[in-house]
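In case you want the letters, here they are:
Protein chains: 2
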Amino acid sequence: MKIAVDAMGGDFAPHAIVEGALLVSPELPEQVTVVLVGDQAAIQEVLGDRPLPGNIEIVHTSEVILMGEHPTKALAQKPNSSISVGFRLLKEQAIDVFCSAGNTGAMHVGALFSVKSVEGIMRPAIVGFAPQVSGQFAVLLDIGANADCKPEMLDQFGEIGSIYAKYTLGIPNPRVALINIGEEEQKGSLVVQAAYQLMKVNKKYNFVGNLEGKDFFTDKTDVIVCDGFTGNVILKMAESVYEILKSRGVNDEFLSHMNYEAIGGSPILGLNGNVMIAHGISSPLAIKNMILLAKRQVESEVYLKIKQALS
Amino acid sequence: MKIAVDAMGGDFAPHAIVEGALLVSPELPEQVTVVLVGDQAAIQEVLGDRPLPGNIEIVHTSEVILMGEHPTKALAQKPNSSISVGFRLLKEQAIDVFCSAGNTGAMHVGALFSVKSVEGIMRPAIVGFAPQVSGQFAVLLDIGANADCKPEMLDQFGEIGSIYAKYTLGIPNPRVALINIGEEEQKGSLVVQAAYQLMKVNKKYNFVGNLEGKDFFTDKTDVIVCDGFTGNVILKMAESVYEILKSRGVNDEFLSHMNYEAIGGSPILGLNGNVMIAHGISSPLAIKNMILLAKRQVESEVYLKIKQALS
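So the sequence lines, in the order shown, correspond to chains A and B.
Residues in the first sequence are numbered from 1 upward in steps of one, following full-length UniProt numbering.
Residues in the second sequence are numbered from 1 upward in steps of one, following full-length UniProt numbering.
If you are wondering where the hints come from, they were derived from the structure by calculation, not from laboratory data.
The model shown is predicted, which means the values in this text are computed figures rather than measured ones.
It cannot be assumed that every hint is accurate.
Heads up, the list lumps identical chains together, so a pair's fine if it works in one copy or across two of them.
What the hints assert, rightly or not - Each computed DSSO-like pair below joins lysine-lysine, with the alpha-carbon atoms no more than 30 Å apart:
| # | residue 1 | residue 2 |
| --- | --- | --- |
| 1 | K200 | K73 |
| 2 | K91 | K203 |
| 3 | K220 | K2 |
| 4 | K307 | K91 |
| 5 | K187 | K73 |
| 6 | K78 | K187 |
| 7 | K91 | K220 |
| 8 | K73 | K214 |
| 9 | K295 | K200 |
| 10 | K187 | K2 |
| 11 | K246 | K73 |
| 12 | K200 | K78 |
| 13 | K116 | K187 |
| 14 | K295 | K214 |
| 15 | K220 | K200 |
| 16 | K220 | K246 |
| 17 | K200 | K150 |
| 18 | K150 | K214 |
| 19 | K78 | K204 |
| 20 | K187 | K214 |
| 21 | K305 | K214 |
| 22 | K305 | K73 |
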């Protein structure tokens with residue numbers, strides 16, 4: 001298995017990426033290799049005198065897509081960027097998953113142009129993870145790819161989120177809930193009211209109804225469905241609660257799961273391949289955990305399961 | 001000043017309401033009276049042998065609107081309910097503010113039918129309070145009255161939220177921010193993109209741009225504008241973080257401000273009068289704090305300031 005990581009992506013690249021790869025390297029089983037996609041000299045500089053472990057490879061690239069760049073333009077103008085090359089490798093199946101903490105837009109557009117959406121997928125969704133009091137994580141989608149969603153999209157997020165929870169997280173018959181401002185089906189915005197009607201008759205997954213803000217963490221569901229606006233807002237808010245309380249000296253295991261580093265990566269679901277994005281601020285620990293999640297995701301063959309479900 | 005509280009509203013009424021009134025009674029200045037609107041015998045039963053303090057009055061009512069009842073029907077069928085009577089007193093200006101932890105829908109409809117919206121207000125909004133790291137609270141609106149909002153409504157929430165922050169909370173030239181999933185003005189849903197364009201040219205308040213989920217608590221703004229879906233979700237989520245961490249033994253002052261009891265009441269803004277709702281689960285402490293907020297709000301004459309601004 002080859003897990004490729006964009007060595008040039010993120011606020012602390014290439015340093016944090018290379019260090020993350022070194023951190024995870026001793027924990028990987030024999031058949032797993034990390035492929036650092038990026039500038040050879042820059043990666044070498046981070047390594048310094050340390051030898052490259054046998055399970056880390058470098059694919060040299062000469063260009064970088066910066067955080068602020070326009071995704072489509074940048075991808076067209078920089079064919080030798082780490083993101084462009086990563087997606088080329090993914091399309092050619094030379095790697096099993098491509099991960100980046102770089103320009104999210106470029107990752108999204110690059111995925112749609114290279115491996116493309118699975119046929120039947122309305123819009124790919126980005127997955128986040130909501131820590132539960134039990135210690136588990138619920139799958140939260142969408143967390144930012146689609147600020148405006150149609151009811152049909154939310155219904156489909158329920159389906160692909162359920163497949164992810166089942167195969168990648170190993171939860172049998174995952175419960176799927178819809179974020180709303182009340183428990184009753186006639187509550188909420190027009191879009192979620194309509195989505196509820198689709199979800200409650202959808203036999204492809206186990207819909208358990210509406211989920212209020214007070215129950216995001218209380219083990220009431222395994223998959224949390226919402227539009228990308230709501231998902232993004234709550235995920236960033238949870239991360240900030242962790243940051244603030246940590247800076248105030250609070251130490252708690254449940255709270256520590258709100259730290260973005262705890263999982264590290266956010267899969268883009270609904271693609272013909274494994275693609276994962278990460279926080280721009282990703283630390284070596286976050287990169288390490290993203291690689292471990294990527295491994296789990298590749299093993300679960302979840303993108304093929306989604307493809308099968310939709311065909 | 002007469003602060004009326006629905007003694008029959010809330011999961012723990014009349015007990016929690018009466019105890020809350022007793023709790024706040026010694027702290028009120030001479031000219032302030034609490035009016036308990038509800039069943040005299042039920043209130044008397046909670047009092048037991050304790051005498052009614054001189055600054056608490058009872059207005060007897062014989063009916064109760066229950067939590068699950070349809071607002072419009074219940075108000076029509078129960079003219080002697082505590083909510084119906086409370087609004088009658090408010091309309092007649094026999095009281096200065098009406099507060100209830102009861103049926104939120106009935107409070108909303110009752111307000112619109114009795115004191116009515118201020119002319120020019122598109123939709124009244126419910127106000128929540130987002131604790132800031134500094135110890136202050138930011139005004140958050142809407143937190144649930146309007147799940148779907150037009151851009152013009154969000155712009156107006158900015159205006160009335162700013163007036164509330166200025167007069168009731170005493171913040172000069174309050175900063176107003178719009179919840180979004182990025183800092184740039186072209187980010188987010190179509191509605192917030194359009195709202196941004198209105199807000200940035202609105203000279204009636206001090207718009208400081210978009211606010212991401214990571215900055216709800218970081219003192220970047222005094223007023224946080226969003227639709228009632230988003231506001232409801234984040235407020236309930238913050239309350240649940242407090243509940244969970246408290247149950248895990250975490251003690252922290254900033255965290256304690258996420259407790260709904262810290263403020264206790266949520267004003268409905270944009271009405272011709274002072275109306276405040278509270279959590280169904282309100283405790284005596286929450287009721288006490290709601291009464292103290294109501295006092296501050298009456299003193300600030302904020303509803304008249306909003307009326308003046310819109311005329």
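Against the structure, the hints:
Only between protomers do K200 and K73 lie at most 30 Å apart by alpha-carbon distance; the minimum there is 29 Å, versus 41 Å within a single protomer. In this homomeric assembly, K91 and K203 never come within 30 Å of each other (Cα to Cα): the closest approach is 33 Å inside a single copy and 52 Å across copies. Taking the closest pair of Cα atoms, K220 and K2 never come within 30 Å of each other, the shortest separation being 36 Å inside a single copy and 43 Å across copies. Taking identical chains as interchangeable, the C-alpha atoms of K307 and K91 lie at most 30 Å apart only when both belong to the same chain, with a minimum of 16 Å there against 61 Å between chains.
Taking the shortest Cα distances, K187 and K73 sit within 30 Å of each other only across copies (18 Å), while inside one copy they are farther apart (42 Å). Taking the closest pair of Cα atoms, K78 and K187 come within 30 Å of each other only across two copies (24 Å); inside a single copy the shortest separation is 47 Å, beyond that limit. In this assembly of identical chains, the alpha carbons of K91 and K220 never lie at most 30 Å apart, being 38 Å within a copy and 43 Å across copies at closest. When the C-alpha separation of K73 and K214 is checked against a cutoff of 30 Å, the pair qualifies only between copies, where the shortest distance is 29 Å, while the shortest distance within a copy is 42 Å.
Proximity of K295 and K200 under a CA criterion of 30 Å is satisfied in neither setting, with 33 Å inside one chain copy and 46 Å between copies. In this assembly of identical chains, K187 and K2 lie within 30 Å of each other by CA distance neither inside one copy nor across copies; the values are 46 Å within and 35 Å between. Proximity of K246 and K73 under a CA criterion of 30 Å is satisfied in neither setting, with 40 Å inside one chain copy and 49 Å between copies. For the homomeric pair K200 and K78, neither the shortest alpha-carbon distance inside one copy (46 Å) nor that between copies (35 Å) is at most 30 Å.
In the homo-oligomer, the alpha carbons of K116 and K187 lie at most 30 Å apart only across protomers (24 Å), although the nearest pairing inside one protomer, at 35 Å, exceeds that limit. When the C-alpha separation of K295 and K214 is checked against a cutoff of 30 Å, the pair qualifies only between copies, where the shortest distance is 29 Å, while the shortest distance within a copy is 32 Å. With identical chains, the CA atoms of K220 and K200 are at most 30 Å apart within one copy only, with a shortest distance of 17 Å there and 41 Å across copies. Taking the closest pair of Cα atoms, K220 and K246 come within 30 Å of each other both inside a single copy (26 Å) and across two copies (19 Å).
In this assembly of identical chains, K200 and K150 lie within 30 Å of each other by CA distance both inside one copy and across copies; the values are 16 Å within and 28 Å between. When the C-alpha separation of K150 and K214 is checked against a cutoff of 30 Å, the pair qualifies both within a copy, at 24 Å, and between copies, at 26 Å. Taking CA atoms no more than 30 Å apart as the test, K78 paired with K204 passes in neither setting, with 41 Å inside one copy and 45 Å between copies. For the identical chains of this complex, K187 and K214 are neighbours both inside a copy (16 Å) and across copies (27 Å), given an alpha-carbon limit of 30 Å.
Taking the shortest alpha-carbon separations for K305 and K214, neither the intra-copy value of 32 Å nor the inter-copy value of 34 Å comes in at or below 30 Å. Neither within a single protomer nor between protomers do K305 and K73 lie at most 30 Å apart by alpha-carbon distance, with minima of 33 Å and 50 Å respectively.
Of the numbered hints stated above, those contradicted by the structure are hints 2, 3, 7, 9, 10, 11, 12, 19, 21, 22, listed in ascending order.
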